[in-house]
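Please work from the sequences and hints to get the whole structure.
Residue strings, one per chain:
Number of protein chains: 2
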Amino acid sequence: MKGLAKDLAHLVGPEGFSTDPEDLLVYRHDAIAYFAQGEPAAVVLPKDTVHAAKVMAYASQNGIPLTPRGAGSGLSGGCTPVRGGIVLDTKRMKGILEINRGNLTARVEAGVVLAAFQQAVEAQGFFYPPDPQSKSVCTLGGNVATRAGGPRAVKYGTTVNYVLGLEAVLPDGEVIRTGSSCVKHSAGYDLTHLLTGSEGTLALITQATVRLLPKPPATCTALAVCPTMEMAARIVSETIAGGVVPSMLELLTTASLAVFNRFVTPPLPEEGEACLLMEFDGTAQEALRQAQEMAGACRDMGAIDVRVVPQADEAAVYWMVRSRLYPLVVSRFKRVVTEDVTVPRDRIPEFAAKVMGIAQEMGLSMGLTGHAGDGNMHPTIRMDEVTDALQARADQAMARVIKAGLALGGVISGEHGVGLHKAEFLELELGREQIALMRRIKKAFDPKGIMNPGKIWPPELAS
Amino acid sequence: MKGLAKDLAHLVGPEGFSTDPEDLLVYRHDAIAYFAQGEPAAVVLPKDTVHAAKVMAYASQNGIPLTPRGAGSGLSGGCTPVRGGIVLDTKRMKGILEINRGNLTARVEAGVVLAAFQQAVEAQGFFYPPDPQSKSVCTLGGNVATRAGGPRAVKYGTTVNYVLGLEAVLPDGEVIRTGSSCVKHSAGYDLTHLLTGSEGTLALITQATVRLLPKPPATCTALAVCPTMEMAARIVSETIAGGVVPSMLELLTTASLAVFNRFVTPPLPEEGEACLLMEFDGTAQEALRQAQEMAGACRDMGAIDVRVVPQADEAAVYWMVRSRLYPLVVSRFKRVVTEDVTVPRDRIPEFAAKVMGIAQEMGLSMGLTGHAGDGNMHPTIRMDEVTDALQARADQAMARVIKAGLALGGVISGEHGVGLHKAEFLELELGREQIALMRRIKKAFDPKGIMNPGKIWPPELAS
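Chains as they are written, first to last, in the numbering used here: chain A, 247 to 709; chain B, 247 to 709.
Calculated directly from the structure, the hints in this document are not laboratory data.
A few of these clues could be false.
Using 25 Å as the maximum straight-line C-alpha spacing, the simulated SDA-like pairs for lysine to any residue come out as follows [claimed, not checked]: (1) 461(B) x 464(A); (2) 300(A) x 420(A); (3) 401(A) x 403(B); (4) 461(B) x 539(A); (5) 381(B) x 539(B); (6) 401(A) x 460(B); (7) 461(A) x 539(B); (8) 401(A) x 373(B); (9) 649(A) x 421(B); (10) 688(B) x 293(A); (11) 689(B) x 649(A); (12) 401(B) x 464(A); (13) 401(A) x 462(B); (14) 293(A) x 270(A); (15) 461(B) x 463(A); (16) 649(B) x 692(A).
Structural data, given as structure tokens:
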């Protein structure tokens, strides 16, 4: 261990790493403490790509596992150092290197916090849509590594749709620059998107070039309380097919209505089974027109309370409540297990019915909220106590939820990634042949298998 | 050769292939006849994935080169069978398998012609934006294989932004299904995008699941004649940064104005050095507002003729002329050499100046049109006669154009792909390390090197 500290001091200077056990404690897990497995021998905080490359070349030469880490706000155990070794924390690499007005692109270091970046581009009249709910802490590098999404995906897509190019360090310390800052690019294999969502298993992402949009001048919020979940899901799919595409479209359950009623007047009818919270954007006139069109459709289809909220300050209250629902749930229960199965938008009604059926059959308290506009649902098991038996039942229920999603043409993860949490389900989605191919690709990047070992692959394959 | 014919008859039936020399003639090249190199031993027209998989497994066992082909409308020699073997023509696989209204997705076979697909989705009120100019013949599978773009990329992106999932046959005959029909997806490596733009060197794409949009209800066209190319380029970059994003934005040169004047009244002032042809979409009101805003900006910045054309039939004339400019140029010259270097949008003025300088210095007739909104320019050398000396000079000029584009942060190809045509320039863009990595990925898919051999890689590496 002393040898490692000495070597790291030589490579990145004493302020560039730590082997202090107290410092290392926090690096044992991401936002879900019970995924903690293994402990790093050291954490390195490279100040730039050169530092990162030096440390990676050193690790490669010495066969030391490397686990890249952004803010550690993930929910699938993706950045836990299960084989020990070095955690590479990008937090010191937080430069916004360029915001190019004429080209509508920006270039940032991996450790830039998403919210800080969004503020910087908005101050110049631009817009970077991806918006995972952890945006106040999560990093752009982490967003790219996990293919992060968020509520705006319904209209704007996810991180995938904005990354144009990357700088990345290969495990042997070589630096590559993939893609470009051009929207059109058709030369060679698309390594930019291959690295996007690779969860630190192929290379360390050190910089990203992303596409910006002009900021829509206005937004308008709308809300509809529906007597049944099925009706809410049908409204989503029918109205979007009809051409009304909200910039955000969240499906919330009954329990949320009581929370809204602490903040908004007039109160919402709490007998509804589901609630749709939507935002439209464009010019003020255009945003209002879309919201009214959606409100009309919701009324026609039988919603019991529909409101359009054009005033920004009033709308902000609704979205503030939305953003606090998950933290509120987490604070009120001993343990909360969240899934992010995604199904094609038209299968949401069936999926919702399946999930509710599973919860009832297994006697579990389960909530179902989600980014319904893009089919990304977050079934959430809420546990008042944590026992092995209850956890086993929760695991069993979630396995059934995941299989139900797959049977409807869905995927095991919409935006959280595989990490540790979903590894056992990967084969159900991809099949053996595709996993074997992906592992050959992994080998093309990382022949020694030092990058984020123990992740993604089904447990029997994890090296 | 008789053995091959007998084997293929056994695998796909007598109607599923040809070894007739007359049939094979057309498979020697794509849309650019002078890229012809090599001749296939057979062309196979699989009727479905099962057929394709059988033939590929057979080719793999016997070490026979395989060259996938869509409509053969490419411009870089990508589908020429330079090592002989079997050409896989997907034209019989032209089913539109599903248009899913509720999920806004469609699933198609690889051989579906783009225009036919666009008509089918538009008949249902939807919209599939990618629009390479060869859309009346090119196939969806070919679009995916080459990461095809087109004028709408400025607002809507390219094929990359619409492919959600693929069915593909690996060289050994195994079938994989990548991605999904969900907009959000974060499990495993993004093989969908890795195959997109891989130009048939990794696998045969047999089906694609793509994202649809609701069809914008209206469009409005605008046109601005600018005294200088530099001004036109500046208008593009400034107005888009300011929030006015056209659905198409084409930059045309003086020569085009004369062609327009055969069809439109009042005539355009032919003394302009460049012309911007733009389309805006949305509601009728919204499209008109954007066109007027852009027209105002063009006037303010010094355009000498600006017109807004809200009537669809009148606008169609402008776009008809635009679509005929390239075929017109091709028909009027003995040989036309077209590049598709792409530069960041804000570098177009510098790039245009460089290109014009190179043309002048080398005494060549060069046109410069392009999808300026996304930086994708098409410098075109027009040759009245074809001599080895002139062709050598044209090659030299284009090499300088490509290097000028790269020096401005551009890429060697925006939408045509590498094929044969750009292979010698790939290393300039990607560097040795990245090419070595891509070749390891190639090996992970195609260990025997039978997929489209002789393409993409720098000549000294091409197997």
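Verification of the supplied hints:
1. 461(B) x 464(A): holds (22 Å)
2. 300(A) x 420(A): It holds: about 9 Å lies between the C-alpha atoms, which stays within 25 Å.
3. 401(A) x 403(B): holds (14 Å)
4. 461(B) x 539(A): Holds - the C-alpha atoms of residue 539(A) and residue 461(B) are around 16 Å apart, at most 25 Å.
5. 381(B) x 539(B): Roughly 30 Å separates the two Cα atoms, so the pair is violated.
6. 401(A) x 460(B): Holds, because 11 Å separates the two Cα atoms, which is no more than 25 Å.
7. 461(A) x 539(B): Holds: residue 461(A) and residue 539(B) sit about 16 Å apart, inside 25 Å.
8. 401(A) x 373(B): The given pair, whose Cα atoms are some 14 Å apart, holds under the 25 Å limit.
9. 649(A) x 421(B): This hinted pair holds, its Cα atoms lying about 22 Å apart.
10. 688(B) x 293(A): Roughly 34 Å between the alpha carbons, so the hint for residue 688(B) and residue 293(A) is violated.
11. 689(B) x 649(A): Outside the cut-off at roughly 33 Å; violated.
12. 401(B) x 464(A): Holds, at about 19 Å.
13. 401(A) x 462(B): holds (14 Å)
14. 293(A) x 270(A): holds (18 Å)
15. 461(B) x 463(A): holds (22 Å)
16. 649(B) x 692(A): It is violated: about 32 Å lies between the C-alpha atoms, which goes past 25 Å.
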